[in-house]
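Work out the full structure: start from the sequences and follow the hints.
Take a look at the letters that make up each chain.
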Amino acid sequence: MRRIYDSEALHRDDDEAFAPSEEERSVRLQALRSIDSTALSDRLIPTGLRRRAISVDVSTPRTEYSEGEPVPFSVTMKNSLPFPVTVSTASPILWTWTVDGEREASRVPLHEPPAEAGRFRFDRGERKEFRKRWEQMFRVSETEWESAAPGEYTIGAGINVEASDGAALYDETVVRVVPE
Amino acid sequence: MALLEVNDLTVKFYTQDGVVTAVNGLDYRVERGEKFGVVGESGAGKSVTALSLMRLIESPGRIESGEILFKGEDLLEMSEEEIRSVRGNEIAMIFQDAQTALNPVYTVGEQVSEAIRHHLDYDDAEARERTIQLLDRVGIPEAETRYSDYPHQFSGGMQQRAVIAMALSCDPGLLICDEPTTALDVTIEAEILDQIEELADDFDAAVQLITHDLGVIAQVCDRVMVMYAGKPVEKAPVEDLYYDPKHPYTVGLMSSIPRVGDSRERLQTIPGTMPDLVELPTGCSFHPRCPYAEEACTRKEPPLLDPETGAEAAASSAEHAAACLEYTGDLRDGLDYEIEVRGQDPRTDVRQVEGDQDD
Ligand SMILES: Nc1ncnc2c1ncn2[C@@H]1O[C@H](COP(=O)(O)OP(=O)(O)O)[C@@H](O)[C@H]1O
Ligand code: SF4
Ligand SMILES: [Mg+2]
Numbered sequence: 001m002r003r004i005y006d007s008e009a010l011h012r013d014d015d016e017a018f019a020p021s022e023e024e025r026s027v028r029l030q031a032l033r034s035i036d037s038t039a040l041s042d043r044l045i046p047t048g049l050r051r052r053a054i055s056v057d058v059s060t061p062r063t064e065y066s067e068g069e070p071v072p073f074s075v076t077m078k079n080s081l082p083f084p085v086t087v088s089t090a091s092p093i094l095w096t097w098t099v100d101g102e103r104e105a106s107r108v109p110l111h112e113p114p115a116e117a118g119r120f121r122f123d124r125g126e127r128k129e130f131r132k133r134w135e136q137m138f139r140v141s142e143t144e145w146e147s148a149a150p151g152e153y154t155i156g157a158g159i160n161v162e163a164s165d166g167a168a169l170y171d172e173t174v175v176r177v178v179p180e
Numbered sequence: 001m002a003l004l005e006v007n008d009l010t011v012k013f014y015t016q017d018g019v020v021t022a023v024n025g026l027d028y029r030v031e032r033g034e035k036f037g038v039v040g041e042s043g044a045g046k047s048v049t050a051l052s053l054m055r056l057i058e059s060p061g062r063i064e065s066g067e068i069l070f071k072g073e074d075l076l077e078m079s080e081e082e083i084r085s086v087r088g089n090e091i092a093m094i095f096q097d098a099q100t101a102l103n104p105v106y107t108v109g110e111q112v113s114e115a116i117r118h119h120l121d122y123d124d125a126e127a128r129e130r131t132i133q134l135l136d137r138v139g140i141p142e143a144e145t146r147y148s149d150y151p152h153q154f155s156g157g158m159q160q161r162a163v164i165a166m167a168l169s170c171d172p173g174l175l176i177c178d179e180p181t182t183a184l185d186v187t188i189e190a191e192i193l194d195q196i197e198e199l200a201d202d203f204d205a206a207v208q209l210i211t212h213d214l215g216v217i218a219q220v221c222d223r224v225m226v227m228y229a230g231k232p233v234e235k236a237p238v239e240d241l242y243y244d245p246k247h248p249y250t251v252g253l254m255s256s257i258p259r260v261g262d263s264r265e266r267l268q269t270i271p272g273t274m275p276d277l278v279e280l281p282t283g284c285s286f287h288p289r290c291p292y293a294e295e296a297c298t299r300k301e302p303p304l305l306d307p308e309t310g311a312e313a314a315a316s317s318a319e320h321a322a323a324c325l326e327y328t329g330d331l332r333d334g335l336d337y338e339i340e341v342r343g344q345d346p347r348t349d350v351r352q353v354e355g356d357q358d359d
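For the record, the sequence lines run as chains X and G. According to the numbering used here, the residues represented by the first sequence are 1 to 180, in order. According to the numbering used here, the residues represented by the second sequence are 1 to 359, in order.
Derived from the structure by calculation, the hints contain no laboratory data. C-beta atoms are modelled at their ideal positions from N, C-alpha and C, and glycine is treated no differently. Some hints could be false.
[Stated by the list, open to error] On the chain G side, residues computed to face chain X include the following (Cβ under 8 Å): (1) Q16; (2) I57; (3) E58; (4) G61; (5) R62; (6) R84; (7) G88; (8) M93; (9) T100; (10) A101; (11) E279; (12) R299; (13) E301.
Structure, rendered in structure tokens:
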């Protein structure tokens, strides 16, 4: 769990008595900043190449699940280039997963991200793995969920880029839900 | 008009693991002079709520929606300059770790007197004198000599006292205390809490006291909000909460209060941990840990309800409210626990009734 007081998401100001002090943390932050070399590589690599450099893969341990059994899946993204790459995303939501095209298995929108681009950064050769779980439920309203009936379902995951470039940065897999 | 009115506050962090909804549609009110407690386990969203009131959350965090009305004015609509003047003049904050607030390179006295100069327009000599008075007032011995000490020359408890002095120097209407005693040992904890309480009364400030310990709330607060996974699950006047908790999570928190004078450490703790706020459990967020969870709890999320009538609780209500399907009539078996209150101590002994349900 991220701790707000240890993070960069906190306004700090030494000149303000009631804003956290900067001094206390400046050393640790400096160490973090010095390894961030994205700025340069960003400008040197064409967008298209940057996107081709990244691969996305979705997989589940099995292809068949009993009705009601949670379906774990893992989303792996890899930067095949020997230098850092930053993908510019359509919003601060960097990537999403879907079930049958429904974002996070919800039929109601869950987030209203601000209208600004996000930056999804990969180190040289970096492989990121995210483990998620589909509970075999669809959210049908703010407060209600329904179970998925037996049948086939497509679990997808993709980086949040414009549709025209989306295909390369998206993957999906099919699971079958069988009655118990 | 309430001193502080938080309406539908939602705060999210955009991370590569997903969107963390740290605070989710939160509503509450704090009246003038009131001591309002916010309690919940680590990760519940208590600090993010408090820091949002001070407008101290930055990217990748975002206050996505809501209103924070302080004396009727929306803090979220204010310019950077306006909010800076609210911080300290109107709302002051004490952090868990006094070192968050204190700058190690200035003396304690300089920092308090700087706050005073800044907020009250005092000259150097006046500010110094007022600072020494305040340091003395918060229980720092030999305040005049200690004025020139650096924070590291103070013990944790003394540092926290100095921060309290700094907070009160500007006569704020609201004092937010985020786990002010968690880093201190128990004997000092009681002293500091007394201090906060007494000074808030003298200075006529309302207090929003954040803690993970219901025992601390009992000692200080009038009203309390229990938070779980970014949402309030129970709100009540403190006595009602202690004698008649209505949410299973609150009951769990109560049974994990260490009992004064009891050698047993904790009676029991709630099994499991706070969920990942990127992907909350479906339905009632507490269902994976709730001993009373039923099928319905995985499909329906209860709003805050009046436990007597089952009607949805109004955001402005100061009455007892709890977010559990027990009060919508959706549970088949219902909740089943007994609260046993021992002696004068508001700390209670909670028993879960085993076996089949009776009604
Ligand atoms: N900088 C951050 N980035 C991502 N998530 C964060 C950050 N800071 C806090 N969070 C998340 O916000 C949630 C609420 O945290 P917090 O308000 O600190 O909880 P509490 O004070 O109740 O322990 C937690 O799930 C935490 O992981
Ligand atoms: S709604 Fe269900 S899971 Fe949630 S607290 Fe009530 S009984 Fe427990
Ligand atoms: Mg906290």
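Each hint tested on the structure:
no., hint, in the structure
1, Q16, "holds (6 Å)"
2, I57, "holds (6 Å)"
3, E58, "holds (5 Å)"
4, G61, "holds (4 Å)"
5, R62, "holds (7 Å)"
6, R84, "holds (6 Å)"
7, G88, "holds (4 Å)"
8, M93, "holds (6 Å)"
9, T100, "holds (5 Å)"
10, A101, "holds (6 Å)"
11, E279, "holds (7 Å)"
12, R299, "holds (5 Å)"
13, E301, "holds (4 Å)"
In summary, this structure violates none of the numbered hints.
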